[in-house]
Every structure is written in C-alpha cells, then in structure tokens.
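Enquirer: For reference, the chains in residue letters:
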Amino acid sequence: MKRAVKSWPSWVLLVMVVAGLLAVGAARDAAPRSPKERVEDISKRLACPICEGESVFESRNADSDAIRVEIARQVDLGTVSDDQIINFIAQRFGSKVLLVPRATGIDALVWALPAAALVCAVVGLGVAFHRWKLAADTIPDDADRALVADALAADASPDADEP
Amino acid sequence: MLATASLNGIVGHAALIIGLAASVFGALGLVIANVTGDGRLLRTISNYAWMALGGAVVAVAVMERALITRDFSLAYIQQVGSRDTPALFNVTALWSALEGSILLWLLILAIYTAVIMKRNRQRLDDPLVAWALVVMFTVTAFFFFLSFGPIDAFKNGPVPDFTRCCLGPNPLLQNHILVLFHPPILYLGYVGFTVPFAFAIAALITGRVGEGWLVATRRWALYAWGFLTVGILLGGWWSYEVLGWGGVWGWDPVENASFLPWLTGTAYLHSVLVQERRGMLRVWNISLLVATFSLTILGTFITRSGVLASVHAFSNGTIGPYLLGFFGVIVAVSLGLIAWRGDRLRSPGAIDSPISREGAFLANNVIFTVFAFIVLLGTVFPLIVEALQNRQIAVGPPFFDRLSMPIGITLLFLMAIAPVLPWRKASTELLRDRLFWPAWCGAGALAISVFVGADGLAPLLAFMLGGFAGGAATRQLLLALRRQGWRGLVGRANGGMVVHLGVIIVAVALAASNSYTRVAEFTLQQGKPVSYQGHTFELVKLQQFADARSTGVKALIRVDGGKSYAPAITTFTNFGTKIPTPSVRNGLLNDLYLTLEPSVRFDGTEAPVKIYVKPLIVWLWIGGMLMAAGTVLAGFPGRRRRVPTDPVSAPIELESAGV
Amino acid sequence: MSEPVVAARRGRRVAPFISLGVAAVLAALFIVLANSKSEKPDTTSSFLLGRPAPAVVSTTLDGKPFDLSRRKGSWVVLNFFQSTCLPCKAEHPELVAFAAQQASIADGAELYTVVKDDTDAAVSKWFAEQGGSWPIIKDDNGSISTAFGVAQVPETWIIDPSGIVVSRYPGTITADSLATDLQLLRQAYG
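Protein chains in written order, with this note's numbering: chain R, 1 to 163; chain L, 1 to 659; chain G, 1 to 190.
None of these hints come from the bench; they were simulated from the model.
Even for Gly, the Cβ is constructed at its ideal location relative to N, Cα and C.
Check each hint, because a few of them may be wrong.
Said to hold, decoys possible - In silico negatives: residues of chain R with every beta carbon more than 12 angstroms from chain G:
#	residue
1	S10
2	W11
3	A31
To be verified - Subject to a maximum C-alpha distance of 20 angstroms in a straight line, what follows is the list of computed SDA-like cross-link-like pairs (lysine to any residue):
#	chain 1	residue 1	chain 2	residue 2
4	R	K133	L	I355
5	G	K125	G	T84
6	R	K36	L	D455
7	L	K425	R	F129
Please construct the entire structure, taking both the sequences and the accompanying hints into account.
Expert: Here it is, written out as structure tokens:
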C-alpha cells in the first residue's frame, strides 16, 4: 500500500498540481503597472545622489524628492520607457546613481563574471566527478603501475607512506 | 581632572604595550621551544596568553572608565563621549567608532587565545597545537600593534573646546538597546573564525591534514558561525527598528563584509562533514577556512579604510594600509603553504555519484562559493572601475537581489533534497520514497500561498521549495526522534536540521517581505482617520519633546482604533540632523511600520507619514532564534563516536580527540 | 614524532598552479584596493556640457518671473546655494567680489543664485547681511537642480550667450578663478 502511494503516478500528479498552481500564481502578476508602481520601480533603481546606501525610493531628502517629481513627470508623459528615464537621471547626476550597473563596456563585467564563475564551477565539478568515476571504474593496467612507480621514485621523501 | 586624565591614557598605553609584548613573546617562545625542545620554556608560554588577555581587559576597562568618568583628555572620548549621553549608550559608545571597535575586537581575540591556551596547555609540545597558538598570538599581536601604534586608541586629545567637540556617539547609535548586543555578538563570530584558521594553518605547516585538527576546531567553527549568524540578524533587526527605511538588509559594503565570511563559513560547515565521513576535500576545507578568515580582514579593511562609502563605515585613513598589508600577508602565506603542501595532502578515494550526500555537499559548496564571489565582486566592483577608468559607479541592492534570488532558490532546493540523500549513492527509487511527503509539503505550501493570494513566480517558488525543504528537515528530525529519543535533537546532523528549519523560515520571510511590502504616504490630520490595506490610522496628536541632548516631535497615531504608535523625528542638538525613528506594530502575519517624514512641522497639526505593511517580518527573528538554538543543539555531542574510524581517514592521535 | 601524513600521489601537481591562479587574481585585487583613494573627487564633467541648457522657468525671490532662455546674448553664471550649507556661506564673499568685478567690465556675466529646499526668510536675511544684490531664483520643487544634476551645493555653472552649457564647478569657487575662466571662454567664443 505504502509503496503504491509513492509510485510514479502520484509523482506525476504532484508535478501537475505544482505546475498548475505556479501557473495560476504567476499569471496574477501580469497586470500592467500603475503609474505609481512605475515611479516606485524606477526610483528603486536609482541611488539618492547625496546619501550613502539609500535609493531615491527610500531616501527622504529634498534631492530625492525632486528626482521623484521628475520621474513622475516623465512617467505621466507616457511616452518614455523606464530605461530612458533612468538614463535621463544618470546623464545628469552621473553613473554613480545607477544602482543596477550598465551592461555595456567594462561595467558589463559585473554581470559577466558571475555567470562565468558559475559555468567554471559547474564544469569543474563535472570534471571532478568524471575523474572520480574513471578512478573508481578503471582497474590499473601496467602503464598505470609504471606511471605510479615513476612518480614515487622521482618524488620519494622520507615521510612518504610507501604502499 | 588632569590627574585621572593622564592616568587613563598611561594605563591604557601600558596595557596595550604589555599585551603586544606578551603576544610577540608568546609566538616567538613557542617557535623556539618547539625547535629546541626546551620544555621549561614551553611551560612558561601559557603565561603570555594570560598577560595578553590581561592587557586587552585592562585596555577595554580603562577606556570604559574614561567614557564613564567623561575623561575628555583622551582624543577618543572627545570623539564619542559627551556629557549628556545616557549611561547605556555611553557604555556602548566604546564601539561606536574605529578605535574602540578595534579594542573590542582585541578583547575578544585575546579571550579566544587564552581559552585555546587553557584547553591545550598540556599539549604545547604537539607541533599542531603549537603552530596554531603561534598563529593566534601573531594575529593578537597585530591587533595590539594596530591599537597601540597606527590607531593609538589612547591618544591624548587637544584641550577640549566644548562648543565643537564631545558631541557623543552618532545619533543613530544612541536610540536602541540592540546597540548593546549586535556589535559584540557579531565580533564574537567574526573573530571566532581565527581559531579554526589557526588550526588550518598549523595543519598545513605540520603536514597533518588528517582529521585531528578538525576534531579540535569543528565546534569553534560552529560557534563562530552561530554568533556571526545571530550578529548579522541582529544587525538586520537594528536596521529595521532604527533606520526607518523599512528594510532589514541593504547590501551595503559593511553588511556585505559580514556576509562574506558567513557564506564561506557555511560552505565549510557542510564540506567538513565530507572530510569527517569520507576523508576527502582536505585541502578544500583548509582553503575555505583561510578564505573565511581573510574575508573578515578584507571586510574590516573595506569598511574601516574609507575606500567605500557606507552608512556604517568609520573612516580613518591611517589604518587602511596596515589592514590591507595584513590581508596580503595572510593570503600570501596561506596560498604559499597550500601550493607547497596541497598535492601531498590530497586524499585518496572518490565520490561515487553526484546523487549522494557528498554530491549534494559539493553542489552546496559550489553555490556558496559562487555566491561569495558575486557578493565580493559587487562590493569591490566600483573600486575596480575607478582604478581602470577613473569613473564613479555604483552596484546597488537591485543587482544583488537579482543575482541572489536564483541562488537562494537553488539553495532551498538543495536543502530539500540533501538531507534525505544517503552517503555514496542514491537510487531514484529511494529518492521517490523518501522525498514523497516532503514534496507534498512543498505542494501544500504552494497551494496555501496561492490560496491567500500570493503572486509572482519567484516568491511562489521560494514558498514551495521552503515547504519542500521544511518537510525534508522535519522528516529527518522525526525519524531521529523516533530512533534516538531526545538525543534525536542533538548532534550535528540533527541540530543541523533545526538550523535548516530556521534558515527556511528566514528565507520565506525574506521572500514575502521583499515581494509583498505595501507602502503609501499620507498626511494625517486629527479626527480624520485614513484606511489603508485594511487598517485604519488616526492621528491623535503631535507631541513635542525635549531632553538634554535632543528635541523632537512624535505623532501619536491610533491604529485600528486600539493602541497608539508614535513615530518620531528627533533633532540631536549636537549634530543638527533630523533622525526619523519608526514605530512598528509587530504581528505574526503583518508588521505595520510607521515613519514620520522629516517635512513635519514641529508646531503643526498635520503628520506626514509613510505607512509600510510588511508581511512575515517577525518570522525573520523567529527563524534566527531557531538557527541559534539549532547551532547550540548541533554543538552538543550526538551519538558517541569515540574515534573517527573511517578507513580512509588519517591516523589520529587519540589524545587530540574530544575538545 | 612521526608524521601521520597520508600523501595522495596522483602524479600531477595541481596545487601550485591553482594557488598561483588565485594569487594572481588576489594580487590584482590587492593593487586595486591599495590604490583606491578614500576621498572621491567631485566630477566636473556633465552630459550637459556642450549642450543647450535645460529650461529654467521660475520666479525670483522678489517675485519677478525668470526664464533662462530669455537671457541668451549674455553670459550667465548660475550658483546653486542653500543658507544651511556651510561651504556655500564660506563661498559667498567670493561671489560678491565676482559680481562686482563683472559689473565693472563690458559684457560682464549675469550672476544668478538658485535656491532649493530653503526658506525665503533665511535666504533674504543672509543676502541682506552679507551683501549680494543679484537675482535669486527659487527652485521650489527642485526641478532646476534635477535638470542640471546638482546634488551637493554649492555648485556653479557657466552658460554661454547662445544658451550652451560650457562649465561646471562642483564645490566652492573663487572670484579670480571664475573670472579668469570666463575670460578664456569669452575669447574662445570670440
């Protein structure tokens, strides 16, 4: 009985339930943003130009107020994209207000290097498992033994444990 | 006045120089005694640890005495002391700036050194222990040197001019009790990683990377990790209660500096289990400890040298080069030792299958390492661009959020799978069997979230995997309890599962509060309640207040017709800046977080407020407590395994087991 | 004592190479960190340099309308100011000297102060006490500062007679340097 409950069909059911629920939940998110939400989203991507570690969205000072007013004005125009508004502000206050670094020029490295690191790590892990598998699977032949003997002879040191 | 003044300075300087000398003699004496085999010299070494501890204790005590007696002849007291700081914040003012925080660091380091010495004083002739203590003494000596020389914590100040000096600590550091707990606990964790690092270096030097040193340090690493975890969470709590921006974590350089060693330390706590069980990953584990310790020093450099702007930074130009140099020395020595010893120390044996406990630990390590790399890269990237192109850029929270989200989700998935995996190799049938109920827990969590109206793919995935991982951890705990009775809660594996439950709760709370916080601004007027997100808010009155150090105004706001909450704006007369203080109504489902806007008129009748409705925040602290509890449980000895008897592990001196 | 080392000999030595690689990366990081300065200089560059000045339409402190586009034909110097900012106050005598110097020459520049996030009373009081009779432009919602990208006051900008932004000076300036720069710009404008 217990076996049967945990068999493949119930796993398929589980996957279907989860997929259905995720689809329902994710679809709810798709409503278009209101202008207020747009101002919020944009101001969260910009740093307050005179404070440390606060975004324009969080910061309460006059400069951030002014920037929020400008963002709202441009959002109300309805013709400019989020990125254009962010560029407008960054052109004036400098790229130090961009909390999301650009993906051009040398700045792109901050996006590319993490991806590269992940790929390297995964490939490295794959190689390690491959070598472990080879090590576990192969029975040493004469060439291997010769190799080991050479290495031991070349690198003999007093504290080495001899086989 | 003048007599005590010079007294504090003199005693402080003397304590530091005695501590410095004791640490240097301790390190040198240990080396000499071990090389020459001089037993008499060896027996005197433990005195140096006590002297160093005494120096650090006296230095901190004298500084506290100077703070409490308001001895403004010292430059540091002029910087952080004031005549009207309340007693509590006057005591905590010790660590409210660079000099005192390094003294606190020094004290904790000296305590660790002394405890290690006390526990091992009979075994100083063991090269492993001796070298570990040499490393501890050296690090202690460095920090004594730092606070005696470059920082000069007990420097005499100019004649105080009370119109401009002696303002007291930063206003943000004098309005919440957490200031008393967060820095010392964080430092206990930060500094605690010195102990396993010292033993790792000793293992490399002596070539004994078997499991002996691991046994000697695993509990130290565990407790350091636990303190660091609690310290970081308390920092988030402080930020939430004090800073008034409604968040707990801002990916600020100082926060990242504490998070980096946490990441590599967490990776170590997992991969060390592979070494204990299978005798593998020895060099990797040592590298992780080296990375953890170097990252604490690098983090201290980043946050204390002023190269990166941060809300928390105490900048002081003089200390940067020393910390950076120390970091360079640590890295160079460690890498040199690894390069020299690494190959000989590598263990035989193979990991048979990626679908196994050790495979999951490896995946965990890869992800934590990549995570640490990303956080470090994002933190120093502005400096790299500045060096290459002389241009200022920022890497802010949206960057870190975007990259850490998939990482967090992957980690939750691993937390779901890994606990049920057996060592060596797992079959699909076994997984199907063991993961069945945990997976349905995940589906249940997802169903509940969708039912209560959650949206967005990322948070839903987090809730689902949180349920899945929670199911897996609970399954392990239940099985252990059934098998071992109350002992099913203690020991590393079981305590680890309790920690996992805490982590899952924290992750779910973070996902919910980051995704579903609602915020709006209102101008409240008396007698005109507004309603927002199902709650009503009514201004009772605006109330001005004043005390010796500040004036301010608070808005009494009645929430839901019941209790009143009072967000405030305080102007500290010494500083002139307006400090908003939020007021929070905690709830199991939602926190209501009220802040008063700086534009409020003190004599007005209107209260411009910002209202945040933040879901599940309380669970961050509950999860944190569970993590702390789990750490303590994991520290208790579990099922007795007197000798680690895995066939591939190195021979172990029996007397070194059991610390 | 005997060394209880288990030496795994696999023939290939990898640790030195991996260590070397890590060391190289860390050495680069070390150099970057060692050379980074704790003082970040204000940038004098701006996207606006060489471009038409943004629209500035506001009122002055004494209630007259102001429109930057109508000042074409003369050199315009905009100084961003707050009465709560100490460097601005320290800079003020230089501006007074600069205004007097420009008034004494033909084709002298017009100086305007732009004030944001301040009270009229405080600003009037400051100018009444410290001198300075040039017009003060109110920037009540901060739109002028945002258009120029001015965050930290004081900051000074020069706009040429055809309405093109030509210079930006973050931080305090002196009357002499400003006048000298302006003279060079005039010659170049020719």
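Enquirer: Taking the hints in turn, state whether each one holds.
Expert: Structure-based check of all given hints:
A cut-off of 12 angstroms between C-beta atoms confirms that R:S10 is not in contact with chain G; the least separation is 45 angstroms. Listed as a non-interface residue, R:W11 keeps its Cβ farther than 12 angstroms from every Cβ of chain G; the least gap is roughly 41 angstroms. Listed as a non-interface residue, R:A31 keeps its Cβ farther than 12 angstroms from every Cβ of chain G; the least gap is roughly 30 angstroms. Pair hint R:K133 plus L:I355 holds up; C-alpha atoms about 13 angstroms apart against a cutoff of 20 angstroms.
Pair hint G:K125 plus G:T84 holds up; C-alpha atoms about 12 angstroms apart against a cutoff of 20 angstroms. A distance of roughly 19 angstroms separates the Cα atoms of R:K36 and L:D455; the hinted pair therefore holds under the 20 angstroms criterion. Under the criterion of a C-alpha separation no larger than 20 angstroms, the hint pairing L:K425 with R:F129 is consistent with the structure, at around 13 angstroms.
The structure shown violates none of the earlier numbered hints.
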